[in-house]
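J.: Each chain, letter by letter, is given below.
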Amino acid sequence: MIGIIDYGAGNLHSIKNALNYLGLKNRLIRDEDGFKNIERIILPGVGAFGAAITKLRKAGILERLLEWLRGDKPYLGICLGLQLLFESSEEAEGINGFGIFKGRMKRFLTSKIPQIGWNSIEVIKPSPIFNSQRKKVYFYFLHSYYLDTPEKDIVLARTVYGVSYPSVINKGNIYAVQFHPEKSGKAGLDLLKKWVELC
Amino acid sequence: MLTIRIIPCLDVDKGKVVKGIRFRNLNVAGDPIKLAQYYNDQGADELIFLDVTASVEKRKAIIDVVNAVAKKVFIPLCVGGGIRDIKDIRALLNAGADKVAICTGAVENPELIREGARIFGSQCIVISIDAARVGDEWHCYTYGGRVDTKIDVIEWAKRCEELGAGEILLNSIDRDGTQMGYDIELTKVVSSAVKIPIIASGGAGSLKQIYNVIKYGNADAVLLASALHYKKFTIPQIKRFLRKKKVRVRW
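Chains as they are written, first to last, in the UniProt record's numbering: chain X, 1 to 199; chain W, 1 to 251.
There may be inaccurate statements among the hints.
[Claimed, not checked] Dumping the calculated DSS-like pairs for lysine-lysine here, alpha-carbon to alpha-carbon at most 27 Å:
| # | chain 1 | residue 1 | chain 2 | residue 2 |
| --- | --- | --- | --- | --- |
| 1 | W | 246 | X | 186 |
| 2 | W | 188 | X | 112 |
| 3 | X | 55 | W | 244 |
| 4 | X | 106 | W | 244 |
| 5 | X | 36 | X | 73 |
| 6 | W | 244 | X | 136 |
| 7 | X | 136 | W | 158 |
| 8 | X | 193 | W | 34 |
| 9 | X | 136 | W | 246 |
| 10 | X | 193 | W | 71 |
| 11 | W | 215 | X | 58 |
Because the hints were derived from the structure by calculation, they are not lab data.
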């Protein structure tokens, strides 16, 4: 059973629809009790960094989620679900992220903000999460802040939008992507399927 | 690098796609789900559904359409037409839309942009501008191009950006349905006035014109309706052409 964290901000229908389409059992996690019988967690979402932390704390989910991550249990962070794994964000000064990895989210400076649309990823470190059949794979991106991290070994792929930044990260059973696999057509569905197979 | 988006637009009336769509050997006429799947398979980067249903009570049909399409097609879905308040936006997003396109509702109540962006995020709020040339400038039109608001398009686009709009869908009323080509000048002035992405709309009739509005109008995306529906050319043809011209497209 996949638990989708619902912190009351993001649009969860897309990820739910995608998992249903792939025949992957899932349900929403809205409070501490929601973690029961959950094997994998997806933290999806478009939303704001600060508001998400506040809402997760209020719902009593934050502590459980941190335990989950520290225990290296299967996790897929999408968009904000990637950003929250790090220490901080220019979007919400003074608010701590999960701090699982070192790094900070910075606002794009040079290009149009937000980045909206299909961009490609350049694989830095081969991983079974990627469908190796194609050289170039495009995913749908939608964000204003990008990751700046000194932890080079967790970066699986990078993307260029004015700057080159990490777009896929992984350590152990924790995966996170800056793009939206649930909105990236077949490439995205393939990635979701691979993640479930992997962990 | 970010690619240029090719976006088919489907007009939906009471749950059925209207504007005669001629697909030989393809029994999809009128069925929004099959058409969405068809364009998805063709490589569409996003889909826009425009609800043209006149009567308010029948507008539930678009919700059902979005609901059904979102269960089968996994690319961004934008829905426009008749959106007046937060309740309308919420209903569409809850049904599975990723974005809403607002025209008249935003001109008459600009606060809707700010509120919508605050509650759902800027990325959800696409402001649709129906522009027509009046003398030396462009005016915003409302009510499906029937009312000249006398509001300057460039000023309005800037205002929308300030209020929190995530994208601008820029439709040239002068070119709409003419297949004479996009209004490059209009696209260029609006595109350079704001930092948010511009979707050029109205007038697509040839591959060259699509290239021109990207290259010279600085469009971030192009919307196509009749030219695709009537199979003047296909999405793979557009992408092949653009690729040859060194425009980045999802391939």
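J.: Against each hint, give a clear statement of whether it holds in the structure.
T.: Right, here's what the structure says about each hint:
no., hint, result
1, W/246 <-> X/186, "holds (25 Å)"
2, W/188 <-> X/112, "holds (15 Å)"
3, X/55 <-> W/244, "violated (48 Å)"
4, X/106 <-> W/244, "violated (35 Å)"
5, X/36 <-> X/73, "holds (14 Å)"
6, W/244 <-> X/136, "holds (17 Å)"
7, X/136 <-> W/158, "violated (36 Å)"
8, X/193 <-> W/34, "holds (24 Å)"
9, X/136 <-> W/246, "holds (16 Å)"
10, X/193 <-> W/71, "holds (17 Å)"
11, W/215 <-> X/58, "violated (49 Å)"
Of the hints listed earlier, those the structure fails to meet are numbers 3, 4, 7 and 11, in rising order.
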